[in-house]
Amino acid sequence: MNPVIETPTIEYGTLAPLLLVFAAAIVGVLVEAFAPRYLRKSIQVPLTLLSLVGAFALVILTVVGGDVPSEPVAMGALAVDGPALFIWGVILVLSVVCVLLINDEGHFVASAAAVPGSADEEEAERSGSAHTEVYPLALFAVGGMLMFPAANDLLTMFVGLEVMSLPLYLLCGLARRRRLLSQEASLKYFLLGAFSSAFFLYGTAMLYGYAGTVSLAGISQAMSTGGALDPLLLIGFALLGVGLLFKIGAAPFQAWKPDVYQGAPTPITALMASGTLVAAVGALLRVFWVALGNLDWNWRPVIWVVAALTMIVGAVLAITQTDIKRMLAYSSIAHAGFLLVGVMATYATPEGNAVSLQAILFYLLVYGITTVGAFAVVTLVRDPGGEAGHLSRWAGLGKRSPILAGVFAFFLLAFAGIPLTSGFFGKYAVFTAALGSATEAGDSLGNWLTGLVVVGVIASAIAAFFYVRVIVLMFFSEPAADGPTIAIPSAGTVAVIAVSLLVTVGVGLYPEPVLDLAQQAASGLFVR
Amino acid sequence: MSWLMIALPLLGAFILLVFNRFTNRWGHLLGVVMSLASFAVAVLAFVELLGLGEDQRRQAVTLYEFIPSMKLNMGLLVDPLSISFALLITGVGSLIHIYSIGYMSHDPDRRRFFSYLNLFVAAMLLLVLSDNYVGLFIGWEGVGLASYLLIGFWQFKPSAAVAAKKAFVVNRVGDFGLLVGMFVIWTSFGSLAFKDLGAEQIGTASNGTLTAIGLLLLLGACGKSAQLPLQSWLLDAMEGPTPVSALIHAATMVTAGVYLVVRSGVFFEASDVASLVVTIVGVATLLAGAIIGCAKDDIKKGLAGSTMSQIGYMMLGAGLGPAGYAFAIAHLIAHGFFKADMFLGAGSVMHGMNDEVDMRKYGGLRKYMPVTFATFIVGYLAIIGFPFLSGFYTKDGIIETAMEHGAWMGWLAVLGAGITGFYMSRMIFMTFFGEKRWDKDAHPHESPSVMTVPLILLSIGSIVLGYFLIMDNRLMHFLAPAVGMPEHVPVPHLFSTTTVGLSTLALVAVGAAIAWMKYGRAQVPAVQPRGSFLTTFARRDLYGDALNESLFMRPGQWLTRIAVYFDNRGIDGLVNGLAAGIGGSSGRLRRLQTGFARTYALSILIGAALLTGALLLVGNI
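Line order of the protein sequences matches chains A and P. For what it's worth, numbering that gives the first Met the number 0 labels the leading residue of the first sequence as 0, then goes sequentially. For what it's worth, numbering that gives the first Met the number 0 labels the leading residue of the second sequence as 0, then goes sequentially.
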């Protein structure tokens, strides 16, 4: 008997957004190789933006056309379901916005290979060269972000994870100013990322050993037939969890976040804090809800501890930060904790789960947008040596530049979850979903879940302190005599801030359309 | 479209406040235009409402849904009750805006004054047009703020600053009641929208709950409407510019309490205790206000006492259930006109007399300011209930209805009418008749037409409104879709010849006659005489302030001192300790962030080990 290798069927139409982004990335590499230096930027920028916008349009077309597949595609490797499409849309919007930020002058080093402070560096500076490789790298990262949460088996997911992470490791080291800090961040991120990837892979191997398959649905199937208490399963799951929790920056795997966020060029920080988080939460949800849905009695107590710890560590440690980017990094950790509360909020019925999923998707969208806006503002407040990172430099900014400070204050209030900002509805939706789940669970588990929401609210209160402290600093302190200058923003940066502000205000006042969209996306849950 | 009513004056206030001194030259005109435009919208909404069938006269306008499941939506309710108020607020408000152009013409801060006036109009409209208690409360606080800002408008005068603070603090007590009342409604019925709080929906609640809600709402109403025991701020509030006294502290804001009681009628109808307390408060205040009015030499404070007293009548009417609502609202509207008329008249007198407010330094002014005199007389005749003028119909309606409920409250209300006859006549005689007791440098003159025209318009309203609203029960039928009809509908007469009606007129005549003997025929001393015990009692606002000070302020101060002591030692210690604890643990935890990749990797490893261990452990329990 001859073994027959079937020709794999690929649903090109459904996968078009993903393919477009990767294709553009490859074209970008070719441009780097063949186009003359002076032309590269004027090719790369439109290419990047157009491919991302095009991919977004394709996502919209798929949704509007109603051909959301009800089964996994590409031989079961990818699941382009409602939640995945919503996450794709969010990531594509965020990445377009981030590319506009990347496009602004002066964020990236002229020649990454030159030793900081050397003559080579000066030479490169003077010649005005710039790394246009940034664009294809960013595109590869975005492609990975699209693949990661849509992966329907653990190997595809791992590929997505790596495609997303590797370009980001590199991008982190390309800051124009404070290059040593940037390179340190890059190296740390790479080392720790590789470390956590190993956990992910090890976990995958264990689960394969248990289930004989790496497909998420297959693992779930194996659990319902083969008992859920096999050590192989539990260990495999724990190690897989480490890899995923590392990516969203949950405690105790959060240590890389502040160092990396601080060192990376701010547009890249924005991309990581928004896009990567969205993608990673999407993947986490898929693993926990699809593969391990039957195991939730086991994983919920563990994730309970992780979620509570993440919220508390994020909120408490942010208090003593003196660097604005580090503070935002800890804030991002706290928000990852709030999102984990949503991940905990599972129900016995699909309808209930859809509500929780809707809450999480909504949260991802509004948090991502606000984050990009906040980092965009950070790029504008500059010292002679680069961005004015130290918080003391922000004192009295409200008097020098009331509009910019006002916008930033608004973003901070949205992070804190003050009503009439989008952040309020995000938190409200997630906490309500968790409370509903607690009511349904009843008894002791319910009490624990309610307790987690209480922890979340307390952490929010602590977090509000450091957000408001920055506002107080900006508006109620005397400006320093030699305070930072406010760079005149490029049209792209203005657009980024304007869009973020618009969404934060608009969704804060009138969340209905976005909530409906998230509900539609969540209604079918994940396909198996 | 009705949201424009609120949005226009709000926009006006916003522009004037934000663009500040750039609008100094034309700011007052913008204020007037916004107020008039709001009036025009109100008239349009009114006409539209009239065009609808009676059962459709509750037009809900949803503006904003905060969280649908929580039923905390922002919406407007255009119904006969709210539109009546809206017309009064924007109509009288616009006249007072126009008047203020003249009155404030010499004030360097005129633009700021108009921005506050516009803010007030917007907040007051939000108060009456909201379809739920939350919106009402926002408006309620908004008018409180506007009132505070306007009483203290001349904040360089310490007395004005203190008065503003006093008004704010006393109102806080009432607002507390309203707020707690809202909490109770929310927990009992799960909604704060008026449409969810009909008689059927609240029928399930216990009597005790309904009484509690009623009394708490009444506390709120007492604060805003200066009813006993929260009356003390209104007299001091006269420190504000006179147009403010006319608009806020006579015609509109102080009647918000009556609006609240009528709008929440369903709770008072369901609880006999609560509605009885409303009538008691009304009767007590109408007498107290009248007595205070008898002894005041400051023309504005006299009028303020009278305002208290008249709102007491309205409160009495509102406490009588559907039978009294129409009369209470009719009296409220008529009072809005004649009291604004008299306040603006008093302002006109002050304008001509170098801002002198002491009536003992007036006298014989009728020849020098004929228009002011004529319009003031109309307001005077309307308030004392002179036949065929506004007050005659509206106040008589309240007294007659009260008589049906209980003879004691009816006769006390009649007595109050008699006292009104006395103190208002006293005011007229001291101001416009008798000999001149002016200061040397006083040169009284008639005010410019920008001030007299509003006076004339208001006095026309004071003449005809009572007849118009009461005859054929016009207002009662109009309001019915909002507040319901009484069981048996009274038949209004052109001239009522009942015992009650005739004895009211007789008592008013007696009061006026006594005033004539004491202040018309006899000489009025230019310096306040010592007066009897009773006079002193009234001059001191019935010792209301002394009572508040000894009963609440001093024990309150002690309480605060004790509380501060414990706060510093106990609670602050706890809070600061907690904050320090969090900050400290933040500082300690921070040290874990060493910056070394190896430490981070170790923490990941430990975390992974814990996670695995925990999962294995939980799995095997």
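Hints are computed from structural coordinates only; laboratory data are not their basis. Predicted model only: the values in this text are computed from it and were never measured. Glycine included, every Cβ here is placed at the ideal spot set by N, Cα and C. Check the hints yourself; a few may be wrong.
Said to hold, decoys possible - Now the in silico label distances, taken between C-beta atoms and shown as ranges:
(1) A:Leu-508 to P:Thr-559: 49 to 59 angstroms
(2) P:Ala-373 to A:Leu-508: 48 to 58 angstroms
(3) P:Leu-43 to A:Gly-505: 27 to 37 angstroms
To be verified - Covered by chain P, according to a simulated footprint, are these stretches of chain A (three or more residues, beta-carbon under 8 angstroms):
(4) 81–88
(5) 189–196
(6) 229–243
(7) 297–304
As the list claims (entries may be wrong) - Pulled from the structure, derived: some chain P residues nowhere near chain A, Cβ distances all over 12 angstroms:
(8) Asn-23
(9) Trp-515
(10) Ala-521
(11) Ser-549
(12) Thr-559
(13) Gly-583
(14) Tyr-599
(15) Leu-601
(16) Ala-607
(17) Leu-616
Quiz item: Which numbered hints does this structure break?
Solution: 1, 4, 13, 14, 15, 16, 17
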